[in-house]
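A.B. asks: What follows is the residue order along each chain.
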Amino acid sequence: SPEVKNGTTKRMNLFQAINDALATALAEDENVLIFGEDVAFGGVFRCTMKLAEDFGAERVFNTPLTEQGIMGFGIGLAAEGMRPVAEIQFADYVYPAFDQLVNEAAKYRYREGKTGRSAGGLTVRMPCGGVGHGALYHSQSPESLFTHIPGLRVIMPRSPLQAKGLLLSAIRSNDPCVFMEPKILYRAAVEQVPTSPYTLPLSKAEILKEGENVTIISYGQPLYTCQAALQKAEQDLGISVELIDLRTVYPWDRETVFASVRKTGRCMVVHESMINAGVGAEVSAAIQADAETFLRLEAPVTRVAGWSIHMPLMFEKFIIPDVARIYDGIKNYAGLS
Amino acid sequence: MKTSIIPRSSLRRVSRSLPRVTPRFPVSSIGVRFASSVSQRPGSEYVSFPGALKSAFTSDLKFALPSDHPTLPTYRIVDQDGNIVDQSFNQDLSDEEVIQLYKTMMTVSIMDVIMFDAQRQGRLSFYMVSAGEEALSVGSASILDKQDVVFCQYREQGVFAQRGFTLNDFMNQLFANKLDNGCGRNMPVHYGSKELNIVSGFYQSVCETTHLIGHQHTVSSPLATQIPQAAGAAYGLKMQRINDPTLPPRVVAVYFGEGAASEGDFHAALNIAATRSCPVVFICRNNGYAISTPTLEQYRGDGIASRGIGYGIDTIRVDGNDIWAVREVTKKAREMALQDGGKPILIEAMSYRVSHHSTSDDSFAYRARVEVEDWKRRDNPLSRLRKYMEMKGFWNEAKEKEARESIRRDVLKAFSQAEREKKPPIRSMFEDIYEELTPELKAQMKELRDHLEKYPDEYDLGQYEGGKSSLDL
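From first to last, the protein sequence lines are chains Y and A. Letter 44 of the first sequence, counting from 1, is numbered 44 in the numbering used here, and no numbers are missing. Each number in the numbering used here corresponds to the 1-based position in the second sequence with 1000 added.
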């Protein structure tokens, strides 16, 4: 809206933008509650700083250390019309809550049918992704495990501006949302963020850069790597690359992606999590299954993603798609034209 | 020569000042120090470690043994022969109201027999009876306020019946017809009540429409998942009353078996309910078996009740075959749950699962028929209440026979009505995944429609309301 566009902005990093969105949600709806492990003092990543002080210990509180409990508790709140925002301290620790997410949150509306009840008020936030030294249990990006679950919306922002708008949409959404925050960006990514509330649409991709010869589809942290790689590639190889941020990885924006690939004829999907059955598998299969898009393909759809292994401490830089691997991917396409 | 295709500056921008991977404990330098600040006084008799306040020092090396603690007693008011054993008891209902409770128990019991047989005849896919647990479910539900919220496991037909679920409601769900609240999506016995109609409203106004109407959440098969949900729901009710003090005080009641209490969700729920002071009444149906597993293989402690104390939860064990005891205990529990701004209460109701676990189970494969027959004959919630009523002089054999016949007729009538109804429209299989149909789901709906058009003889579409046309976009 123009009043957000022309309104004041503030320099924020990603955790500050998340904090700002949470404060906004708490202020505008008394049904919003925030809880999880260690959120009361501000959270281990500072995302909930000062919220307990400003909005009260009844609305922003610590839970016992139990992920399945946090999720079940959140679902119960949502089913009674509240707007719980639950935090899982690291995405790596969401698995104890998997049953509650898959069998309960995602299926609530479906099984209730005509009663109209749902767990739609629920938003689950979790820091995800590599951080340089997180090893096996502080690095995971389990988004594709959630994208296989009908009923959930799975969102990953790339920047502070995106994070605030998408998180507010997630909290207001009447579908349960899994909101994944690339923790490497908590402090690294800084930009001007409007101070007033605004939302960004869910299930809507964004074209970050228009191009003619290759489409790169990604989300979250790798978008920065993609940007660096494509700048270099365009300069070296004289081709033009279109870069798309999915933003919501499920249900994802098929039309924007298909339209772009129909234009460029070449497509690469980039993500940090492992390649096997990752988001890239679904996106590339859907691209080739869409008759109109398939006919425009001039090369196989490729995926640049994490290897099909766990995240070992000392080898992270060889796993996460880096500028060189993405650059090389683009170069292979250039050779074809 | 090593060349760099990576503009170092752009990488630095992203990776500068990486967040430290913080341990899962708050770092002490954070500054804010919360209320539980404790310190050790010199010469104190008590340990003041933060984790266990007021723990006395001892120089006696002695382990606490479960066997040192007497088994928690089981509260009862009326014995197996219908005699009143708690002389302080006063019947708080009119004789007519007692008869009504009895008839509700009888309805559940008669419906169970008929539906079990119907499943055996292949007329519905599955069924679970609740024989032996009618007093427990009907009795506790009769105490709950209309506005209280209930979560069930699956063996609580009596709770639904007592709270206004009609025979038609039961049958529509069991036959998964177009009138089923669950739109034909759930297995039989997964009931949910439509006491309220939440308009899928937007944002802040959602709970304005839901506040005042109690309801029963739809049963789901995964065991124990409803227990932490009940804790959360109870916290929600508490917060809604903080936000709007004109609302009536409400509790959540949640039912589960002793087998489900072995799930992690039970542990999570009791702990979180205690730490967040949630007005929730946990009602455990301890009927001795989880499918084939006897309680000896389920736990080694003193049932489920002994655990409540460990979580700091006020707890009681009650004779689940004694409807009066169940009612008194639930009444008190509800009252206590609303005290001090809200707190959880645990009730362990003892009973015996007289029936098979479900229609897919033959329980004589793992327990003696004589044991079951013995329970049926010796102690049964229906006969206990019947004896009580007969002793009081407001029930007799003739009334029993008449009630039995009339209920049987009503059940069969609802049965055949529900069986004749059409199935829900095929479209409803795609709906309610999300609040709105997504483009992907619309495309799949169209794909299915085109397929049915192409192969009309492969599917029996006539039984579904609207046939394939319900799939039109």
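Calculated from the structure, these hints are not laboratory results. C-beta: ideal position from N, C-alpha, C; glycine also. Errors might be hidden in some of the hints.
[As the list claims (entries may be wrong)] Pair by pair, the computed Cβ-Cβ distance ranges are: (1) 312(Y) - 1435(A): 51 to 61 angstroms; (2) 1469(A) - 231(Y): 45 to 55 angstroms; (3) 56(Y) - 1123(A): 30 to 40 angstroms; (4) 1435(A) - 286(Y): 17 to 27 angstroms.
A.B. asks: Hints first: check each against the structure and report whether it holds.
C.D. replies: Cross-check of the supplied hints:
A C-beta distance of roughly 41 angstroms is found between residue 312(Y) and residue 1435(A), which places it outside the suggested range of 51 to 61 angstroms. Checked against the hint of 45 to 55 angstroms, the pair residue 1469(A) and residue 231(Y) passes, with Cβ atoms roughly 54 angstroms apart. At roughly 55 angstroms, the beta-carbon separation of residue 56(Y) and residue 1123(A) lies outside the given 30 to 40 angstroms, and the hint is violated. The beta-carbon spacing between residue 1435(A) and residue 286(Y), approximately 23 angstroms, falls within the hinted interval of 17 to 27 angstroms.
Comparing the model with each numbered hint stated earlier shows that hints 1 and 3 do not hold.
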